[in-house]
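Chain by chain, the residues:
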Amino acid sequence: MARNDARNQRKSSSAPEKPDELKVELVDHFRKKRNDLRKLWVEQMTSKSLMVGLTQKEIDKESAAIYDTCVSCLETGRFEAAEEYAQKMAERGVLRGMTTEQIIGGMLTLRDVYGRSLAEVYRNDMKRLGQALDVYEPVANSILSIVALAFIQEREKLVAAQQEAIRELSTPVLQIRDKLLILPVIGLIDTLRARQLTEQLLEAISDRRAKVVVVDITGVPNVDSKVANHLIQTAEASKILGAKCIFTGVSPEIAQTIVSIGVEVSKMHAVGDLQGGIEEAERMIAAG
Amino acid sequence: MSVPILKQGTYLIAVIQSALGDADLLMLQNDLTEMVGESNVNGVIVDVSALDVMDSFSTRTLRSIAYMIKLCGAEMVIVGVKPEIAFSMVQLGLTLEGVITALDLDEGLALLDREIGKRGENG
Amino acid sequence: MAEARNEPERGGPRASRNVRVVINSESDIVAARQKGRALAEEAGFKHSSDLAAIATAISELTRNIVEYAALPGEIDLRQAQWLGKTGIEIIARDTGPGIPDIGQAMTDGYSTGGGLGLGLPGVTRLMDDFEIKSRVGKGTTVMARKWVP
Numbered sequence: 001m002a003r004n005d006a007r008n009q010r011k012s013s014s015a016p017e018k019p020d021e022l023k024v025e026l027v028d029h030f031r032k033k034r035n036d037l038r039k040l041w042v043e044q045m046t047s048k049s050l051m052v053g054l055t056q057k058e059i060d061k062e063s064a065a066i067y068d069t070c071v072s073c074l075e076t077g078r079f080e081a082a083e084e085y086a087q088k089m090a091e092r093g094v095l096r097g098m099t100t101e102q103i104i105g106g107m108l109t110l111r112d113v114y115g116r117s118l119a120e121v122y123r124n125d126m127k128r129l130g131q132a133l134d135v136y137e138p139v140a141n142s143i144l145s146i147v148a149l150a151f152i153q154e155r156e157k158l159v160a161a162q163q164e165a166i167r168e169l170s171t172p173v174l175q176i177r178d179k180l181l182i183l184p185v186i187g188l189i190d191t192l193r194a195r196q197l198t199e200q201l202l203e204a205i206s207d208r209r210a211k212v213v214v215v216d217i218t219g220v221p222n223v224d225s226k227v228a229n230h231l232i233q234t235a236e237a238s239k240i241l242g243a244k245c246i247f248t249g250v251s252p253e254i255a256q257t258i259v260s261i262g263v264e265v266s267k268m269h270a271v272g273d274l275q276g277g278i279e280e281a282e283r284m285i286a287a288g
Numbered sequence: 289m290s291v292p293i294l295k296q297g298t299y300l301i302a303v304i305q306s307a308l309g310d311a312d313l314l315m316l317q318n319d320l321t322e323m324v325g326e327s328n329v330n331g332v333i334v335d336v337s338a339l340d341v342m343d344s345f346s347t348r349t350l351r352s353i354a355y356m357i358k359l360c361g362a363e364m365v366i367v368g369v370k371p372e373i374a375f376s377m378v379q380l381g382l383t384l385e386g387v388i389t390a391l392d393l394d395e396g397l398a399l400l401d402r403e404i405g406k407r408g409e410n411g
Numbered sequence: 412m413a414e415a416r417n418e419p420e421r422g423g424p425r426a427s428r429n430v431r432v433v434i435n436s437e438s439d440i441v442a443a444r445q446k447g448r449a450l451a452e453e454a455g456f457k458h459s460s461d462l463a464a465i466a467t468a469i470s471e472l473t474r475n476i477v478e479y480a481a482l483p484g485e486i487d488l489r490q491a492q493w494l495g496k497t498g499i500e501i502i503a504r505d506t507g508p509g510i511p512d513i514g515q516a517m518t519d520g521y522s523t524g525g526g527l528g529l530g531l532p533g534v535t536r537l538m539d540d541f542e543i544k545s546r547v548g549k550g551t552t553v554m555a556r557k558w559v560p
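Protein sequence lines correspond, in order, to chains E, Z and C.
Numbering follows my numbering, in which position 153 of the first sequence is assigned residue number 153; successive positions increment by one, without gaps.
Take the position in the second sequence, starting the count at 1, then add 288; the result is the number in my numbering.
Take the position in the third sequence, starting the count at 1, then add 411; the result is the number in my numbering.
Heads up, a few of these hints could be off.
To be verified - Among chain C residues calculated to face chain Z with C-beta under 7 Å, some are:
1. S459
2. A464
3. T535
No lab work stands behind these hints, which were simulated from the structure alone.
In this text, a Cβ means the ideal position worked out from N, Cα and C, and glycines have one as well.
Take the sequences, apply the hints, and build the full model.
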């Protein structure tokens with residue numbers, strides 16, 4: 001490792017200013033051509049319909065900031081500013097419904113604009129052009145991946161937050177009278193949601209001292225064997241806390257699943273519909 | 289550490305104070321069955337609310353204690369299993385099949401009163 | 412993903428802060444799960460149901476060592492990191508008789524020692540990742556991970 005470093009240093013000391021000198025040249029070029037290249041970039045993005053939903057003022061401000069950030073990454077070789085900017089851009093962009101195509105397309109267009117402008121400058125010196133691209137391309141690629149990553153992460157955050165919100169909304173535990181809880185389950189249940197549902201129900205049984213819980217699954221189109229097992233586990237865990245579970249609205253499909261996974265149906269208390277379930281629960285509570 | 293057992297009327301109340309090792313649980317089993325055998329006891333409550341975990345051994349042992357006490361002619365109620373521990377138990381595949389459970393000590397006492405009252409009516 | 416356990420330096424989940432509990436008798440079970448719970452809290456687990464699941468899994472794995480293996484065995488507990496997630500990794504290691512048929516041992520209701528036979532399949536339900544390696548006559552290593560949700 002140390003030997004490699006030494007060799008690299010020797011190599012760079014034999015041709016000391018070359019890459020740096022070229023870098024300075026490129027940075028100067030991009031700074032001098034800032035207005036033209038930025039305009040060209042915006043024109044190309046507009047013609048590819050990548051600027052939909054942005055005002056002219058926003059376009060000018062954002063494109064200038066991105067342009068300058070990229071040049072300064074090239075100049076300093078440091079990407080913190082780009083990371084920070086991409087992060088902020090992702091936070092705003094994703095919230096406002098910008099598509100991945102818009103973002104990545106926009107950055108690819110900028111990459112092309114810079115690249116072509118270099119080709120223009122060094123068109124008579126292929127060797128020099130090759131060296132210039134060697135300096136420029138790794139930086140451009142790094143910036144692209146930083147931007148892409150920032151957007152993906154932001155989107156994942158958003159998806160996770162939405163899933164959380166949906167889950168919380170979709171499993172309300174209702175108390176309709178003393179000692180009686182109703183859990184109306186609506187929509188598809190996956191393992192994660194089934195888990196959350198059980199946790200919420202058990203907490204509610206403990207907090208509100210429930211003796212009977214009516215779990216209404218009328219609104220559940222289908223369950224797989226894992227989720228069916230989970231429903232049974234929910235009933236068993238409720239019983240340990242001293243509350244009995246009554247299932248209502250079990251569809252023929254779900255009944256088939258439950259029987260086919262070999263659950264002892266005699267352990268499950270099921271009543272046809274929610275109304276019947278509540279009446280049964282009232283009787284159980286009255287009987288103690 | 290051993291579990292203190294209080295006698296209240298015809299009931300025994302064992303309140304587990306902290307995380308228990310296997311040996312402590314077996315000791316509780318001995319103490320409870322002996323006390324049910326030698327004194328006029330018709331109801332037992334075991335409060336497990338201080339337990340950090342109910343694994344296969346503790347569940348099995350508590351279930352055995354309940355069965356033994358039933359064979360001695362008394363009823364046992366396990367109270368105070370926390371929601372998250374109940375959930376871990378059933379995920380592990382454990383149940384307290386055939387054992388009476390209640391949320392806490394108050395509920396457990398009310399349940400025993402009712403169960404033993406019912407028995408009195410029948411016999 | 413779980414395959415990378417033996418090569419923690421390369422590619423797979425990274426683990427750190429190793430806490431080892433040597434298992435000599437059943438009285439070490441409580442110590443193992445209490446250390447595991449403390450480490451899980453440090454790793455960022457907040458829900459009491461996750462902490463209970465981790466403690467229960469450690470208790471079962473440790474119990475398997477005490478009941479079936481040649482003592483002493485050991486439990487390694489550490490924080491794990493993978494793709495921006497944090498979690499806890501439990502490794503239970505023994506030099507017991509080994510498990511001749513792992514498929515069977517992973518089936519609910521199977522037991523070698525008169526226990527409930529719920530241990531291993533139950534642990535897979537309590538945790539997220541699970542891996543078992545066993546050689547007859549040499550011993551068994553079980554790795555289980557759970558990620559902070």
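Status of each hint after checking the structure:
A distance limit of 7 Å between C-beta atoms decides the matter here; for S459 of chain C the minimum to chain Z is near 4 Å, and the interface restraint holds. Hint on A464 of chain C holds. Least Cβ distance to chain Z is approximately 5 Å, under the 7 Å limit. Checking T535 of chain C against chain Z by beta carbon gives a least distance of about 10 Å; that is not within 7 Å, so the hint is violated.
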